[in-house]
Amino acid sequence: MTARVARSVAAALCLAATLASASSVVDAFDFDDPALEARYRTLIAELRCPKCLNVNIAGSDAPIASDLRRAVRRMLEEGRSDDEILAHLKERYGNFILYDPPLSAATVLLWATPVLLIVLGLLVLRRIGSRRDAVALTDEERSKLEALGVENP
Amino acid sequence: MTRARALLALPLAVFVGIVLLLHAGFGLGRADLLPSALLGKPFPDFDLPTLGGEPASRSRADLLGKVRLVNVWATWCPTCAAEHDELAGIAAETGIGIVGINYKDDPNAARAWLAQRGDPYRFHIVDANGDLGVDLGVYGAPETFVVDADGVIRFKQVGAVTAETWRDSIAPVVVSLREALIQERQR
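As they're listed, the protein sequences go chains A and B. Under numbering that gives the first Met the number 0, the first residue of the first sequence is numbered 0, with each subsequent residue one higher. Under numbering that gives the first Met the number 0, the first residue of the second sequence is numbered 0, with each subsequent residue one higher.
Chain A on its own, in the form it takes in the complex:
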């Protein structure tokens, strides 16, 4: 019984640790304007940390991510629009910094591949389906299956 309790406690702690590490890094930034803060949260979630390759700047505690968050905050407080801020950073770090890259010749494969794979999958499914209908058992196979006890094979 105690072992079970101990195990549940351990599991809960592991879960808590996982959730804690998954939550974003928080700077001591307090915005006066909640709308500005909401935009800040959205922007830092959309921007990719240039140093860490696969984390947004909201979730990274790399120094460069913290610098970028500060830059985003400064530009928000200067009254720049979201698009202006993203354009400003894109000018410096390229499309790499955007987690939502625009459709261009370089990214068309990225956008089209999922659609192509779904279409391909549907084609394969249809093919398999039609073939299954077409294949019928021979009399010999049917009698063998009946001998094995299968009803109405």
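Honestly, the hints are just simulated from the structure, not real lab data. Don't take each hint at face value.
What the hints assert, rightly or not - In silico DSS-like cross-links for lysine-lysine, where the CA-CA straight-line distance does not exceed 30 Å:
# : chain 1 : residue 1 : chain 2 : residue 2
1 : A       : 50        : A       : 89
2 : A       : 50        : B       : 40
3 : B       : 40        : A       : 89
4 : B       : 65        : B       : 40
5 : A       : 89        : B       : 65
Said to hold, decoys possible - DEER-style ranges, computed between Cβ atoms:
#  : chain 1 : residue 1 : chain 2 : residue 2 : range
6  : B       : 44        : A       : 112       : 36 to 44 Å
7  : B       : 78        : A       : 125       : 16 to 24 Å
8  : A       : 81        : B       : 10        : 40 to 48 Å
9  : A       : 144       : B       : 4         : 24 to 32 Å
10 : A       : 136       : B       : 5         : 19 to 27 Å
11 : A       : 125       : B       : 161       : 51 to 59 Å
12 : A       : 114       : B       : 58        : 47 to 55 Å
13 : A       : 127       : B       : 11        : 38 to 46 Å
14 : B       : 9         : A       : 145       : 43 to 51 Å
15 : A       : 112       : B       : 185       : 51 to 59 Å
Unchecked claim - Computed list of chain A residues with no C-beta within reach of chain B, every gap over 10 Å:
#  : residue
16 : 30
17 : 31
18 : 36
19 : 58
20 : 60
21 : 82
22 : 104
23 : 107
24 : 115
25 : 143
Glycine included, C-beta positions come from ideal geometry on N, C-alpha and C.
With chain A fixed as given, assemble chain B onto it according to the hints.
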């Protein structure tokens, strides 16, 4: 029958296709090197302190008039230590002015480092909190920019300047910019 056999070969064909695609990925260069988005754009404005001495601060105007290297470095950056001698060699050999941006560093540590290893820089800019770095699209140290006489960024080297990168990529840019500048002045 031949059709069924062809279908049997399909998984292999798909596999080979994926292998070829991934192999092509190797040819695309290092994933950790971001494209240089600022090439051909003016070096951003700044007004920042130096590491001491006169003048006490530097601005973009101090970069103009000559072809320069701008090197982003810090004492916490091991690669910067590795490229330090190379920079000193380049400065001595070519006479090019190398401007140091001491990036997110402790100025005292920076002064001690320069006193110990020698100072290859024409002058210093202290970017203590990394704001100029963000304006420059810097995402690590060292990074080195070639800036022309009009203050336009012409080349960016991410990572150490080595004898090879200098010879193969940086020096050709510097030489052609200097020649263009000389021709312009003669006119």
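Hint by hint, here is what the structure shows:
A threshold of 30 Å between alpha carbons decides the hint, and for residue 50/A with residue 89/A the separation of about 15 Å falls inside it, so the pair holds. At roughly 22 Å between alpha-carbon atoms, residue 50/A and residue 40/B fall within 30 Å of each other, so this suggested pair holds. Restraint check for residue 40/B and residue 89/A: the C-alpha separation of about 13 Å stays at or below 30 Å, so the hint holds. Distance check on the hinted pair: residue 65/B and residue 40/B sit about 16 Å apart at the alpha-carbon level, within 30 Å; holds.
Note on residue 89/A and residue 65/B: the hinted pairing holds, with a Cα-Cα distance of about 28 Å set against a maximum of 30 Å. Look at residue 44/B against residue 112/A: about 42 Å separates their beta carbons, and that is inside 36 to 44 Å. Hint check: residue 78/B to residue 125/A, Cβ distance near 55 Å, so the stated range 16 to 24 Å is violated. With their beta carbons about 46 Å apart, residue 81/A and residue 10/B fall inside the hinted range of 40 to 48 Å.
The hinted window of 24 to 32 Å between residue 144/A and residue 4/B holds, with their beta carbons roughly 28 Å apart. One distance hint, 19 to 27 Å for the beta-carbon pair residue 136/A and residue 5/B, holds here, with the actual separation near 25 Å. For residue 125/A and residue 161/B, the hinted distance range of 51 to 59 Å is satisfied, since their beta carbons lie about 57 Å from each other. For residue 114/A and residue 58/B, the hinted distance range of 47 to 55 Å is satisfied, since their beta carbons lie about 51 Å from each other.
In this structure, residue 127/A and residue 11/B break the distance hint of 38 to 46 Å, their C-beta atoms being roughly 19 Å apart. Our hint of 43 to 51 Å for residue 9/B and residue 145/A is violated, since their Cβ atoms are close to 35 Å apart. As the Cβ distance of residue 112/A to residue 185/B is approximately 55 Å, the hint placing it in 51 to 59 Å holds. With a minimum CB-CB distance of about 19 Å to chain B, residue 30/A clears the 10 Å threshold, and the non-interface call stands.
With a least CB separation of 22 Å from chain B, residue 31/A remains clear of the 10 Å interface cut-off, as annotated. With a closest Cβ-Cβ approach of about 21 Å to chain B, residue 36/A is found to remain outside the 10 Å limit, as its non-interface label requires. Distance to chain B confirms residue 58/A as a non-interface residue, since its nearest Cβ pair spans about 16 Å, more than 10 Å. The beta carbon of residue 60/A is kept farther than 10 Å from every beta carbon of chain B, the shortest such distance being approximately 14 Å.
Non-interface status of residue 82/A relative to chain B is upheld: no Cβ of that chain comes within 10 Å, the nearest being about 17 Å off. Remark: the non-interface label on residue 104/A is consistent with the geometry, its nearest Cβ contact in chain B lying 14 Å away (cut-off 10 Å). The non-interface label for residue 107/A is consistent with chain B: the shortest C-beta to C-beta separation is roughly 15 Å, beyond 10 Å. With a closest Cβ-Cβ approach of about 13 Å to chain B, residue 115/A is found to remain outside the 10 Å limit, as its non-interface label requires.
No beta-carbon of chain B is positioned within 10 Å of the beta-carbon of residue 143/A; the least distance is around 23 Å.
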